[in-house]
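Asks: If you're matching them up, the sequences are chains A and R in order.
Position one of the first sequence corresponds to residue 0 (numbering that gives the first Met the number 0), numbered consecutively onward.
Position one of the second sequence corresponds to residue 0 (numbering that gives the first Met the number 0), numbered consecutively onward.
A portion of the hints provided could be inaccurate.
[Said to hold, decoys possible] Stretch by stretch, here's where chain R covers chain A in the computed footprint (C-beta under 8 Å, at least three residues):
1. 105–118
2. 179–186
[What the hints assert, rightly or not] A short, non-exhaustive set of chain R residues, derived as facing chain A with CB atoms under 10 Å:
3. Arg115
4. Gln119
5. Leu161
6. Pro171
7. Leu179
8. Gln190
Source of the hints: derived by calculation from the structure; they are not laboratory data.
Note that CB positions come from ideal geometry on N, CA and C, so glycine has one too.
2 protein chains.
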Amino acid sequence: MTGAVQAPDGHSPWTPREAELLSATMKIVRERGYDGLTLDAVAATAKASKATIYRRWPTKAELVLTAFTEGCRSTMAAPATGTLRGDLLRIGELVCAQASAIGALTFEASRNQDLRNAVQGLLLDHRNALIGLALDKAMNRGEVPQGSIGETLRDVLPGYLLFRSVISGRAPTRTTLESLIDEVIVPSLTQGD
Amino acid sequence: MTGAVQAPDGHSPWTPREAELLSATMKIVRERGYDGLTLDAVAATAKASKATIYRRWPTKAELVLTAFTEGCRSTMAAPATGTLRGDLLRIGELVCAQASAIGALTFEASRNQDLRNAVQGLLLDHRNALIGLALDKAMNRGEVPQGSIGETLRDVLPGYLLFRSVISGRAPTRTTLESLIDEVIVPSLTQGD
Chain A
0 MTGAVQAPDG
10 HSPWTPREAE
20 LLSATMKIVR
30 ERGYDGLTLD
40 AVAATAKASK
50 ATIYRRWPTK
60 AELVLTAFTE
70 GCRSTMAAPA
80 TGTLRGDLLR
90 IGELVCAQAS
100 AIGALTFEAS
110 RNQDLRNAVQ
120 GLLLDHRNAL
130 IGLALDKAMN
140 RGEVPQGSIG
150 ETLRDVLPGY
160 LLFRSVISGR
170 APTRTTLESL
180 IDEVIVPSLT
190 QGD
Chain R
0 MTGAVQAPDG
10 HSPWTPREAE
20 LLSATMKIVR
30 ERGYDGLTLD
40 AVAATAKASK
50 ATIYRRWPTK
60 AELVLTAFTE
70 GCRSTMAAPA
80 TGTLRGDLLR
90 IGELVCAQAS
100 AIGALTFEAS
110 RNQDLRNAVQ
120 GLLLDHRNAL
130 IGLALDKAMN
140 RGEVPQGSIG
150 ETLRDVLPGY
160 LLFRSVISGR
170 APTRTTLESL
180 IDEVIVPSLT
190 QGD
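Starting from the given sequences, assemble the full structure and let the hints guide the process.
Replies: What follows is the structure in structure tokens.
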């Protein structure tokens, strides 16, 4: 069972047709990177005309930005596995699934302020919401001592997984994710004080 | 007092003049990125002729690769502050100091296999050596229980700092480094089991 972390208006602002175009865009960004994305490819993949795409998103940056935002929104379901470890594993899997898109956008984001703000804002908002919920529930169950949990500790799970995918070129495996949670994060959280 | 982590041959293979050229190269990579580096700029900064540079490093990739290798080698002094926390702080400072160069090279490395191998090999070797030494000393002092320490836990310090610098655009501060060590890494290491 999962509960939804609410997006600002709680449901998709896009028509099914627009959602298809955005999904095709992210597919191409993941496969070919931002530089490799062309409107022709999006149009061909989604069987749409370029005019349809242009009308809604006049620039490539706007199209990719919207597609990335929509991709994050649509995966914003909060896990509710019943244990801290289970919830963190699900959030980690989600981060790993987004890693290739984030990697593909990171380079372009270094040159494009709007894209950079969006990637960072979405990443931060998304992570904070999901991890905050998982930690609150763990505190309510008594798995983790009550008290404030610092930003760095909240941030290490997605941060280390993205480092592995994007910078170090060693894509995280299931073993990476489990050892990160079992040897690093849960011991830090449950030590108290 | 610091002890040196031995490079393969234990001392610089470069003449002082060559070391100057390599240092100028890394300075420009940090300031302008890989794409922004030109041999003209290296020649001007180091007051050398382009022919001198070409003779030693026939391609830009070889020049940058050598410069990055040399930059890592020359900062491979192992900290010996007397405490685990102190040693980890020093290693963290070192990673932060290298972060802008690593960021500048990450995107080029995604297109250049030789550079990718070098960045990853150097990063991994360098980190493993420094962190392994710090942990061995902490075990000998009784600060950390004897036993094997997994790859992920060894890797989280540089990994999270590089994530902050390169991907999330929130350069780590002294507070970040301290909370990473005090709230995440040291609690995980000292919990034992």
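Asks: Work down the list of hints and note, for each, if the structure agrees.
Replies: Hints, one by one, checked against the model:
no.	hint	verdict
1	105–118	holds (count 5)
2	179–186	holds (count 5)
3	Arg115	holds (6 Å)
4	Gln119	holds (5 Å)
5	Leu161	holds (5 Å)
6	Pro171	holds (9 Å)
7	Leu179	holds (5 Å)
8	Gln190	holds (5 Å)
The structure agrees with every numbered hint stated previously.
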